[in-house]
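Novice: This is what each chain is made of:
2 protein chains.
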Amino acid sequence: MAKDGLRPGGRSARVQASVHQAVRRLTARLGRPGVTIPMVAAEAGVTPSTIYRRWGDLAGLLADVAVERMQPDTMPVDTGGLVTDLDLWFEQYAEEMSSGPGRDMLKDILAAGPEPDRMARCCGYTTTQLDHILDRAAARGEAVPAAAALIDDVVAPILYRILFGGGPVDAAFCSARIRLALARDGQPQRQHRTP
Amino acid sequence: MAKDGLRPGGRSARVQASVHQAVRRLTARLGRPGVTIPMVAAEAGVTPSTIYRRWGDLAGLLADVAVERMQPDTMPVDTGGLVTDLDLWFEQYAEEMSSGPGRDMLKDILAAGPEPDRMARCCGYTTTQLDHILDRAAARGEAVPAAAALIDDVVAPILYRILFGGGPVDAAFCSARIRLALARDGQPQRQHRTP
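Residue numbers (numbering that gives the first Met the number 0), protein chains in the order written: chain A, 0 to 194; chain B, 0 to 194.
Do not rely on the hints blindly, as some may be mistaken.
[Said to hold, decoys possible] Here are some of the chain B residues that sit facing chain A, going by a computed Cβ distance under 10 Å: (1) R68; (2) P113; (3) R117; (4) A119; (5) D151; (6) F163; (7) G165; (8) P167; (9) D169; (10) F172.
By construction, these hints were calculated from the structure, which means they are not laboratory data. This structure is a prediction, so every number in the text was calculated from the model and none was measured. Yeah, the Cβ is synthetic: ideal placement off N, Cα and C, and Gly gets one too.
If we strip away everything but chain A, and leave its shape as in the complex, we get (with noise of 0.2 Å):
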């Protein structure tokens, strides 16, 4: 909503909340290959043209809601530690996107193709999570890598083996790619934060 630069709760706003929960209720009815564009307007109580105007086709709309649903609900939990904090944090996110609804969130996200805003906001919410368990540490006195070290080292790693197949993404595997990433020389400097 706020991408659209609209005062949320705005008419947009509201549309865009309906269209939502219109398909998150007919995919979870019908399934997803059983959804069309018309059946979500009229779920929705909007045209099809309004569909089509703001989301283009049915891939982007699926990839939108896909995205809404990565959103986390929580902020990563303090265990008092950097390591700790991000073997709990990686473990639940490894667990969650190789589970069915994780790889369908996947799939809808990919289908609709890398577009620039849906994608910052898809790995923003990545990015803010693993910044406030950098940030506790930084205030801890921990050195701290770049949460874009994190993405490359470790979240990227994750995905390829629940896209590609090649190995589990089980605890064992995200501590090991937590350590390689946290003892790494070059790796990209964390930019200072004044508090």
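Fit chain B to the given chain A structure using the hints.
Specialist: Relative to chain A, chain B alone:
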């Protein structure tokens, strides 16, 4: 073809070749959204049920054709050193995968879901090429990581950026990832091979 355990050039192999060729012709002529299984069957001179029986659905067929296209037609260039071999190979890999046809291949492969045999062939092509570079380096007496380490450290972040955005996959990015991967603390050790 080999995966079917059939003699190359056998009936099954000929069916696969003509169906794949029909897909390539039709997608080139009409674009992927325009192609249907009955059209492919007509173009290939087989019955639609032959295609449904063997590939399940259009997504599975398009994914198989895409995996075929990922098969490299040359072995990696020998520049005389591990780092320069990897720099050259990954620069070409990133260029190909981020091109329009490369993105279409990835999209087709991912749309069909992680069918283990298909994914094994797909990732196998990359592993074979990397092992070829690593074997040459080991034969020169250079220290080499496991191909799996290069998949996690270099291939995965390249594909993450291509699929989810979040940065260029230029030569600078590839060579930075390669150098991180070769600084080997905590990397999986490569199995020693008797020549």
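Novice: Determine for every hint whether it applies to the structure shown.
Specialist: Outcome of the hint check:
no.: 1; hint: R68; verdict: violated (16 Å)
no.: 2; hint: P113; verdict: holds (5 Å)
no.: 3; hint: R117; verdict: holds (9 Å)
no.: 4; hint: A119; verdict: holds (7 Å)
no.: 5; hint: D151; verdict: holds (4 Å)
no.: 6; hint: F163; verdict: holds (5 Å)
no.: 7; hint: G165; verdict: holds (5 Å)
no.: 8; hint: P167; verdict: violated (13 Å)
no.: 9; hint: D169; verdict: violated (14 Å)
no.: 10; hint: F172; verdict: holds (9 Å)
Against the hints set out earlier in the document, violations occur for numbers 1, 8 and 9.
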